[in-house]
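My request is simple: use the sequences and hints to build the entire structure.
Below, each chain spelled out in residue letters.
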Amino acid sequence: MALFLQLGFQGIALGMVYGLIALGFVIMYKGSHTFNFAHGEIVALGAYTVLALMAFMPWGLAFLFAVVIMVVLAVLIEAVFLRRMVGKSVTTVVLATLGISIMLHQAILMIWGVGTHGSAGPVGSGTVTVGSVVLPWSGIATIGTSVVVLAGLAYFFQKTPYGLALRATASHQEAALAQGIDVRRMFALSWGLAAFLAVVAGVFLASFPRVVSPALGIVALLAIPAIVIGGMDSLVGAIVGGLIVGLIQVMGSYYLSDIGGGRLHEVLPYIVMFAVLVVRPYGLFGSKSIERV
Amino acid sequence: MTTTLEPAPIDDDTAGVPAEVVRTKKRSTRVWVAVWVVAMLVVPWVVQSDLWMGVGIFALIAAVGALGMQVITGFAGQISMGHAVFMAIGAYTSAWLGVDEGLPVWVWLPAAAVVAGLAGGVVAPAAVRIRGLYLAVATLALIFIGTYVWETWTSLSGGVNGRTAPAVEINGQDLLDGYWSSGGEEILTSFQAWWYFALAVLLIVTVLTWNLKRSRLGRAFMAVRDRDIAAGVAGIPVTRTKVVAFVISSAFAGVSGALLVSYMGYFTPSQWTMMVSVDFIAMVVIGGMGTVAGAILGAFFIKAMPEMVNVLSPYLPFVSKDASADGGVTAPLLSQFLYGLVIVLVLIFEPKGLLALFKRPIDWIRARISGGSK
Amino acid sequence: MNSLVIDSLSVRYGAASLALEDVSLTVPQGQIVSLLGPNGAGKSTLMRAVSGLLGVHGGTVASGRVELLGNDVTNERSSKRVKLGLAQALEGRQVFPGLTVAENLASGAYVRRYRKVQELEARERVLHHFPRLGDLMQRKAGYLSGGEQQMLAIGRAMMSQPKVLLLDEPSLGLAPKIVADVRDVIVDINKEGTSILLVEQNAAMAMAIAQYGYVLEGGRVVKEGKAEDLRGDAEIAELYLGASAVGAAEPPAQATGIDTEGVIQHV
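Residue numbers (my numbering), protein chains in the order written: chain R, 28 to 320; chain V, 378 to 751; chain E, 173 to 439.
Worth flagging that the hints you see were computed from the coordinates, not collected in a lab. Check the hints yourself; a few may be wrong.
[Claimed, not checked] Only pairs whose alpha carbons sit at most 30 Å apart, straight line, appear in this in silico DSBU-like list of lysine-lysine:
1. E/K252 - R/K115
2. R/K115 - V/K729
3. E/K335 - E/K252
4. E/K349 - E/K312
5. R/K115 - E/K255
6. V/K729 - V/K403
[Unchecked claim] Where chain V lies over chain R, by a calculated footprint (3+ residues, C-beta under 8 Å):
7. 115 to 123
8. 134 to 140
9. 240 to 254
10. 297 to 303
Here a beta-carbon is modelled for each residue, glycine too, at the ideal position from N, C-alpha and C.
See the structure below:
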């Protein structure tokens, strides 16, 4: 039983990370009608940046600076590349984000190389024992921080004028323009928010028991099954989908370790995602209007 | 992004153009095709460098796959990340039939196409039901599922260590050893032999693609690409059309995969990565979406790029030779970075790709020659 | 100063032929001007040219000028125009379906950056025109009836206290009683000082409350004149007023400068 709880806890912690990454995808999708393939690499780049800065300053400062850098980078990408594509088809825009993701991935390899590095998280490998359950501090930090970030995000969306303007833009872009909302600024805002979430997710994705490595960008793509399961245009769906993926992976790594060569759990989220696509393509919380991509 | 209500069709050279101009264009196209075929036939006698011949062969093999990518993305307008998977299916099919069962290339090569195409037909209906990005996302999942399957199905794939691929044997001779006369003289080197074989396959696939584009099915693809709601209203079975496009593209990918592993001789499960799929998307985008020539041009561009960067690297001081664990700009990394950049630039400035970029000076010259009459 | 001046405006979509050709129109300060015409005449195009939403639909200004409150806004983006004092209720309502009524109204106020107190005041003024909305504050706008959504759309537009209001087909799809209510509110808003450009298929309703009218056909202004004159015009009466008597049957109670006798005659 203790093992079950421990695994469940780890699964939730990992799931929160996927949820945050998935949330970034969904915010960009709703806010600027773009599916940003490069988001996974932004997560990776965020983690690398924090790690690099950690060499000169305490973790907290490194994190803050990394957030600033990544937000600026994301907004620049959006303004320089994506805005030029206004009026082009969705296919074209998504392919452009694919091109950007290639550039970012190669840049990471050129700057930092192919090897693995240390942890980018705020806490190390320590654990705390609650009753008979052993919980890692990194997991606690992950869940705690994620909850705070999500609460802040909810407040932002529901209670602030910018949040309202962003929701209006996502709801009906032309009507938002008609109210005088600067929709271009909303695009930049949605990308900036996504970049912030990417850094938060990145440091915890590269936290014990994981480390910073070039594979982070691929691992971050596990947010895609999360979005499909949750529903591509649902904020709540992104978090729920992320949790499901995290739990599948962690629980699967133990309970399914005898089946299929012991690595089934790594690919299980994608299998589940495929099944969801067949049975209920809009996901758990998505709306049928997803068709209007 | 704010989108206009009328996305522009990516390619139709003959739209709204008067008949005489179309006829002249068709004539000049035939000239260019003839020139290209002759050039391709002559290359192995002109190019002395083994290195560049190797690049060329890889490019020919990739061009087959690129044509498949053109069908699904350039013609039918769907983004697919699945090429790596269907190449692998073609490769493993060919290995099983060619090596394990000892069957000749005339069996395993078409079989690679058939099996990969069938696999595409199984996968597609689920993924193309919804418009937009679901195919991209579903095929992305397939890559990871595929890698898992190859690594786990060790009797077929040899596990992480890989397995041998079938050889192409013409008249009992393995082309990788060159082509020899019965008197023991080497008629063709291995590079030359393989070049001609790959070229032959490419020509067949090119003709097929060309005909497909002009056919009713091809026009249905493009209707779906440009306005799939309108296409549905016009009576085109949209989902079925997308599935057919996907099957064809998977079949071509299967052929390309089989050729690739046969030329390499040995292959592992870990080589069928997302980057392989992305490479093919890059070929089609950079070469020019919607045209046969664009796909082939793109394939050559992408395959030649790492070597070109290598050639230039003595002049680029920041480029080092070896990949290190701590970073360093190497030729392969730089070339992949560059083609990511070129993808973005092409999409922003010239969505018709390099092909259109080359056409511009040619059209300019043609206009001058015909006395500036429009 | 005229609230809105459109001077020899020509507009095209993409590479197609002109959707608007050499259109000139003026909305004097404090007046209601109506824009009539059949489907496809270019009325919505004209509205988009005024509000800055042409780009969304792939349109561009080929020549001419749009002047809002003395400012040349021909190439300005829509947010700039709203800040200058323009507001609009789009064709088909276009409320934010996933947002509540309160949030929809707040979005209309966004551009003014009100302090909390000012926003509440603005909202009070809107609710004064549309008391029904007060009961619906927490309802998601997607669940409102057509008439309620129309009121919300206009109310949302009023939140920024605009000097110029564009109304595109406010009566579309509404029951006659609601149309009459909407018409009355438009008149009230105008009395408070807002200039209005009203596009309407329901010509009778439009001419009942406007001071001046333009008729658009095939992208050109084919007729214009004072409301009384247009109402008396036999051609227009036959084309536009004959079929729809809605809105004219109940003349507004305290309209200024409106000839109720003339309206009833043409029903």
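Hint check results:
{"no.": "1", "hint": "E/K252 - R/K115", "result": "25 Å, holds"}
{"no.": "2", "hint": "R/K115 - V/K729", "result": "13 Å, holds"}
{"no.": "3", "hint": "E/K335 - E/K252", "result": "14 Å, holds"}
{"no.": "4", "hint": "E/K349 - E/K312", "result": "24 Å, holds"}
{"no.": "5", "hint": "R/K115 - E/K255", "result": "29 Å, holds"}
{"no.": "6", "hint": "V/K729 - V/K403", "result": "19 Å, holds"}
{"no.": "7", "hint": "115 to 123", "result": "holds (count 9)"}
{"no.": "8", "hint": "134 to 140", "result": "holds (count 6)"}
{"no.": "9", "hint": "240 to 254", "result": "holds (count 4)"}
{"no.": "10", "hint": "297 to 303", "result": "holds (count 4)"}
Going through the hint list in order, the structure satisfies each hint without exception.
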